[in-house]
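Each chain is listed here by its residues.
Number of protein chains: 2
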Amino acid sequence: MNSVPIKLEVQKALRIHIGIFGRRNAGKSSLINRLTGQNLSIVSDIPGTTTDPVEKACELHPIGPVVFIDTAGLDDVGELGRERVARSLSVLSWMDLALLVIDAGGELLDSDRLILWKLKAQGTPAVIVLNKADRSRGASEAALRESLHGFGYPIVLVSALKGTGLEELRAAIVKTVEAGWEPDRPLTEGLVPEGRTAILVVPIDFGAPKGRLIPPQVQAIRELMDEGRGCLVVREDHVAQAISEMKVPPAVVITDSQAVKQVAEQVPPEIPLTTFSILMARSKSDLEKLSAGAAELPELRPGDKVLICETCSHNPQGEDIGRVKIPKWLMQKTGGPLDITIAVSKDFPLELKPYRVVIQCGGCMVTRRHMLARLRECESQGVPMTNYGVAISYLQGVLERTLSPFPEALEAWRSERQRRLERGERR
Amino acid sequence: MNSVPIKLEVQKALRIHIGIFGRRNAGKSSLINRLTGQNLSIVSDIPGTTTDPVEKACELHPIGPVVFIDTAGLDDVGELGRERVARSLSVLSWMDLALLVIDAGGELLDSDRLILWKLKAQGTPAVIVLNKADRSRGASEAALRESLHGFGYPIVLVSALKGTGLEELRAAIVKTVEAGWEPDRPLTEGLVPEGRTAILVVPIDFGAPKGRLIPPQVQAIRELMDEGRGCLVVREDHVAQAISEMKVPPAVVITDSQAVKQVAEQVPPEIPLTTFSILMARSKSDLEKLSAGAAELPELRPGDKVLICETCSHNPQGEDIGRVKIPKWLMQKTGGPLDITIAVSKDFPLELKPYRVVIQCGGCMVTRRHMLARLRECESQGVPMTNYGVAISYLQGVLERTLSPFPEALEAWRSERQRRLERGERR
Numbered sequence: 214m215n216s217v218p219i220k221l222e223v224q225k226a227l228r229i230h231i232g233i234f235g236r237r238n239a240g241k242s243s244l245i246n247r248l249t250g251q252n253l254s255i256v257s258d259i260p261g262t263t264t265d266p267v268e269k270a271c272e273l274h275p276i277g278p279v280v281f282i283d284t285a286g287l288d289d290v291g292e293l294g295r296e297r298v299a300r301s302l303s304v305l306s307w308m309d310l311a312l313l314v315i316d317a318g319g320e321l322l323d324s325d326r327l328i329l330w331k332l333k334a335q336g337t338p339a340v341i342v343l344n345k346a347d348r349s350r351g352a353s354e355a356a357l358r359e360s361l362h363g364f365g366y367p368i369v370l371v372s373a374l375k376g377t378g379l380e381e382l383r384a385a386i387v388k389t390v391e392a393g394w395e396p397d398r399p400l401t402e403g404l405v406p407e408g409r410t411a412i413l414v415v416p417i418d419f420g421a422p423k424g425r426l427i428p429p430q431v432q433a434i435r436e437l438m439d440e441g442r443g444c445l446v447v448r449e450d451h452v453a454q455a456i457s458e459m460k461v462p463p464a465v466v467i468t469d470s471q472a473v474k475q476v477a478e479q480v481p482p483e484i485p486l487t488t489f490s491i492l493m494a495r496s497k498s499d500l501e502k503l504s505a506g507a508a509e510l511p512e513l514r515p516g517d518k519v520l521i522c523e524t525c526s527h528n529p530q531g532e533d534i535g536r537v538k539i540p541k542w543l544m545q546k547t548g549g550p551l552d553i554t555i556a557v558s559k560d561f562p563l564e565l566k567p568y569r570v571v572i573q574c575g576g577c578m579v580t581r582r583h584m585l586a587r588l589r590e591c592e593s594q595g596v597p598m599t600n601y602g603v604a605i606s607y608l609q610g611v612l613e614r615t616l617s618p619f620p621e622a623l624e625a626w627r628s629e630r631q632r633r634l635e636r637g638e639r640r
Numbered sequence: 214m215n216s217v218p219i220k221l222e223v224q225k226a227l228r229i230h231i232g233i234f235g236r237r238n239a240g241k242s243s244l245i246n247r248l249t250g251q252n253l254s255i256v257s258d259i260p261g262t263t264t265d266p267v268e269k270a271c272e273l274h275p276i277g278p279v280v281f282i283d284t285a286g287l288d289d290v291g292e293l294g295r296e297r298v299a300r301s302l303s304v305l306s307w308m309d310l311a312l313l314v315i316d317a318g319g320e321l322l323d324s325d326r327l328i329l330w331k332l333k334a335q336g337t338p339a340v341i342v343l344n345k346a347d348r349s350r351g352a353s354e355a356a357l358r359e360s361l362h363g364f365g366y367p368i369v370l371v372s373a374l375k376g377t378g379l380e381e382l383r384a385a386i387v388k389t390v391e392a393g394w395e396p397d398r399p400l401t402e403g404l405v406p407e408g409r410t411a412i413l414v415v416p417i418d419f420g421a422p423k424g425r426l427i428p429p430q431v432q433a434i435r436e437l438m439d440e441g442r443g444c445l446v447v448r449e450d451h452v453a454q455a456i457s458e459m460k461v462p463p464a465v466v467i468t469d470s471q472a473v474k475q476v477a478e479q480v481p482p483e484i485p486l487t488t489f490s491i492l493m494a495r496s497k498s499d500l501e502k503l504s505a506g507a508a509e510l511p512e513l514r515p516g517d518k519v520l521i522c523e524t525c526s527h528n529p530q531g532e533d534i535g536r537v538k539i540p541k542w543l544m545q546k547t548g549g550p551l552d553i554t555i556a557v558s559k560d561f562p563l564e565l566k567p568y569r570v571v572i573q574c575g576g577c578m579v580t581r582r583h584m585l586a587r588l589r590e591c592e593s594q595g596v597p598m599t600n601y602g603v604a605i606s607y608l609q610g611v612l613e614r615t616l617s618p619f620p621e622a623l624e625a626w627r628s629e630r631q632r633r634l635e636r637g638e639r640r
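These protein sequence lines are chains A and B, in that order. So the first sequence is numbered by our numbering: it starts at 214 and just counts up by one. So the second sequence is numbered by our numbering: it starts at 214 and just counts up by one.
With the rest of the complex left out, here is chain A (with noise of 0.2 Å):
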């Protein structure tokens, strides 16, 4: 087994996520109770045990944490079994690996095709697993791998039930996953030229406990010590002082979203201006489609539909971001009250066309290829999504300015403003 890359061990505070797929009775959850060693789903010989997707988080040596997804099979029936199905599939796309579980003593079902492909089109890493090694008959486990072996994904065999082969698909999902991994870009990539300071500006009412800085604010930090820039960090009444006090203005001003309107004041208009959220949407996500999707926030209208995405319900900057500050500013701009949905959820509501923007948090907990695939779904369903970052800054009026130092994502939400404001849609 190859030593983890650095890159990985800068994760830690990530968890990978794993699904299990395959048909029903396959020993999805039995596979998934012998990696994790616990016993939470129930496994039992009746077909469609698992309804829900089913998560279990352990530590995989040397990836670290790891959440394993135990989904329902993918051949049930009925129009429960059919909307299970399509949860299974929903699961899918935003996965860090996939695992297939196949019963190597049967067929390859249509079934196991439709994840194959849908996985080689996503371009999600995946492993095969050949289960009930116990039962296989040679010929028919030969007739799989010949079946499977177009698809180029690592096979491995196992027997759930007897515990063999599982150190052997351990080594391929540790192999896959570093093989697959996308690192998030760093977040003042490019900002600070060498020989030159940023400034941080650090507000202490909102975010960190007592004692402490948020991550990003670490990571702020540090990256800019590692590339040997300097890095003043100041709190939001001071930033116009601080800057008055400098001989060389400062490269760049990144502040906390929350005080951007204030911070934007003390900024003089030639100095470079961002937030710390729009930094993570670029770090985690799609910057430009970000952008280009805010271009719907001024088209909302009283009753519209919005949804609002936090992946995950241990918000390091308050809770109060996405369920309480964001939906007030958005009816404000708006002049009437909006029908907002709230998921704090690491599974992203199936259905997203009866929203007409989406409102992606930071992602700090999960990885960019999740946040990428979240991105996708809105795409493939027609829905514009943002993200808080993004959202804030149009909030407050100051979108232009924060997004001034990304010529890209600028140009991005600008044309994508004029497109509308052409069609005039629904005026």
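Please note that the accuracy of each hint is not assured.
Claimed, not checked - Computed list of lysine to any residue pairs in SDA-like fashion (alpha-carbon distance at most 20 Å, straight line):
#1 K460(B) - I456(A)
#2 K460(A) - H451(B)
#3 K423(B) - M578(A)
#4 K423(A) - H451(B)
#5 K460(A) - E458(B)
#6 K460(B) - V461(A)
#7 K423(A) - L513(B)
#8 K423(B) - V431(A)
#9 K423(A) - K423(B)
#10 K423(B) - G277(A)
#11 K388(A) - H274(A)
#12 K423(A) - R398(B)
#13 K474(A) - G441(B)
#14 K423(A) - K474(B)
#15 K538(A) - E391(A)
#16 K423(A) - E395(B)
#17 K460(B) - I427(A)
#18 K541(B) - L513(B)
#19 K423(A) - P278(B)
#20 K333(A) - R589(A)
#21 K474(B) - E402(A)
#22 K423(A) - V461(B)
#23 K423(B) - E391(A)
#24 K460(A) - V461(B)
#25 K423(B) - E402(A)
#26 K423(A) - D439(B)
Stated by the list, open to error - Chain A residues, not near chain B, derived (Cβ > 10 Å throughout):
#27 L302
#28 G318
#29 R350
#30 E359
#31 G443
What the hints contain is simulated information worked out from the structure, not anything from laboratory work. We treat Cβ as the ideally placed atom computed from N, Cα and C, and that holds for glycine.
Take the given structure of chain A and dock chain B to it, following the hints.
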């Protein structure tokens, strides 16, 4: 029960140390098992089953993580017994809280009185536990309470055997810990006047894992923000440039100890310079006394015994400071081999007299009370103590410089040096 003051909230990383003392067979081990819900130490009816102190960690709501330290009976006999008693008494001095367990059906022993006097003398918070409530006879319990009354400690009646009185005991523990809490002093206290800026020097070659900063760095930045001061973070090779670009010079430069020599060369003499470790000494212990203790370092001669103490094995700055770098620099300065003992333990060696000097780590994982108790123990045995920060500055030849922001500490070092020079000690 009162709510926990915020100052305890900050200290969650620290474990509060609670020592359990009392005669053999008073039920100390049973009580600790009841309080922690574990069953780690051997509980029996044979007096003297617990020999060396046994530690058990648990969460004690709402204080957070605590460690119970089970000690040998104070009335132990024979030569080994006396050693065990000495060990129990030595543990006493750095407890955040002592529980004295007394048999509710028995009498107050001389060994109990000894503990009570020691607790009083050291100002250690304590709770008296009358155990074996099941066996208590009204008359003797009343007599016991009468003898204990004058010490002024809360008294709780429990039965470790039957599990009664435990909630009342937990409440008394929480209340007493809160009342006796000695908060660390802020790292940057008094160093940066209003409207001014500090430079923090954060080398990246040693220290935190990628993407992070070490706790004192984060704490210092956050303290400066809380006070509305500016804080310029730079790498050790950019200090001169950073100062040259400031219109108003920094109020202070604070550097990682290991880069202090390189940084001192870049900071003009009129700008105060100190190190994070020296600030730790002030925050967690007594900087004046540790500076006076450093006056012993120039007295070291080849063959002298030196004790280097780490309070935990998880030194966030890497174990090579205490175990490799300081010993190497000490021997270079001394010009010959020293007899160096490295003690990695929350305990402290009983017998300090053989050592010519004790060099203590920053103690970031233990309480200020613990650090001050170690210092007091050295004083009582007449052995000079200094700490990593002060020692490194001395060994790098910049101690007078890095103590200059603290005139009393500088004076303590100078007068102690002078005293030794005048005595011509060992010359």
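Structure-based check of each hint:
A threshold of 20 Å between alpha carbons decides the hint, and for K460(B) with I456(A) the separation of about 10 Å falls inside it, so the pair holds. For the given pair, K460(A) sits about 16 Å from H451(B) by alpha-carbon distance, which is consistent with the 20 Å threshold. Proximity of K423(B) to M578(A) is assessed by CA-CA distance (about 17 Å); at most 20 Å being required, the pair is judged to hold. The straight-line distance between the Cα atoms of K423(A) and H451(B) is roughly 29 Å, outside the 20 Å bound, and the hint therefore fails.
Taking the CA atoms of K460(A) and E458(B), the gap is about 5 Å. The hint holds against a cut of 20 Å. At roughly 10 Å between alpha-carbon atoms, K460(B) and V461(A) fall within 20 Å of each other, so this suggested pair holds. Taken as a hint, the K423(A) and L513(B) pair is broken in the structure, with Cα atoms around 42 Å apart against an allowance of 20 Å. At most 20 Å may separate the alpha-carbon atoms for a hinted pair to count; K423(B) and V431(A) meet this at roughly 11 Å.
Distance check on the hinted pair: K423(A) and K423(B) sit about 23 Å apart at the alpha-carbon level, beyond 20 Å; violated. For the hint linking K423(B) to G277(A), the alpha-carbon distance of about 16 Å falls within 20 Å, and the restraint holds. Between K388(A) and H274(A) the alpha-carbon distance is near 11 Å, which keeps this suggested pair within the 20 Å criterion. For the suggested pair K423(A) and R398(B), the alpha carbons sit about 14 Å apart, so the restraint of at most 20 Å is met.
A C-alpha spacing of about 19 Å is found between K474(A) and G441(B), which places the hinted pair at or below 20 Å, so the restraint holds. Restraint check for K423(A) and K474(B): the C-alpha separation of about 32 Å exceeds 20 Å, so the hint is violated. Taking the CA atoms of K538(A) and E391(A), the gap is about 38 Å. The hint is violated against a cut of 20 Å. Taking the CA atoms of K423(A) and E395(B), the gap is near 17 Å; set against the 20 Å cutoff, the hint holds.
Distance hint between K460(B) and I427(A) is unfulfilled; the C-alpha atoms sit about 30 Å from each other, more than 20 Å. Annotation: proposed proximity of K541(B) to L513(B) holds, straight-line Cα distance about 14 Å (limit 20 Å). Distance hint between K423(A) and P278(B) is fulfilled; the C-alpha atoms sit about 18 Å from each other, no more than 20 Å. For the suggested pair K333(A) and R589(A), the alpha carbons sit about 15 Å apart, so the restraint of at most 20 Å is met.
A hinted pair counts as satisfied when its Cα atoms are at most 20 Å apart, and K474(B) with E402(A) does not qualify at roughly 31 Å. Between K423(A) and V461(B), the direct Cα distance comes to roughly 29 Å. Violation of the 20 Å bound is thereby established for this hinted pair. For the suggested pair K423(B) and E391(A), the alpha carbons sit about 18 Å apart, so the restraint of at most 20 Å is met. For the suggested pair K460(A) and V461(B), the alpha carbons sit about 10 Å apart, so the restraint of at most 20 Å is met.
For a cut-off of 20 Å, the pair hint linking K423(B) to E402(A) stands: about 16 Å separates their Cα positions. Annotation: proposed proximity of K423(A) to D439(B) holds, straight-line Cα distance about 9 Å (limit 20 Å). Against the 10 Å criterion, L302(A) stays outside the reach of chain B, whose nearest CB is about 34 Å from its own CB. No beta-carbon of chain B is positioned within 10 Å of the beta-carbon of G318(A); the least distance is around 47 Å.
Chain B leaves R350(A) outside its interface by the beta-carbon criterion, the shortest separation being 50 Å against a cut-off of 10 Å. Non-interface call for E359(A) relative to chain B: holds, since the shortest CB-CB distance, roughly 45 Å, exceeds 10 Å. G443(A), annotated as away from the interface, has a beta carbon of chain B within 10 Å; the closest lies near 5 Å.
Violation of the numbered hints given earlier is confined to hints 4, 7, 9, 14, 15, 17, 21, 22, 31; the remaining hints are satisfied by the structure.
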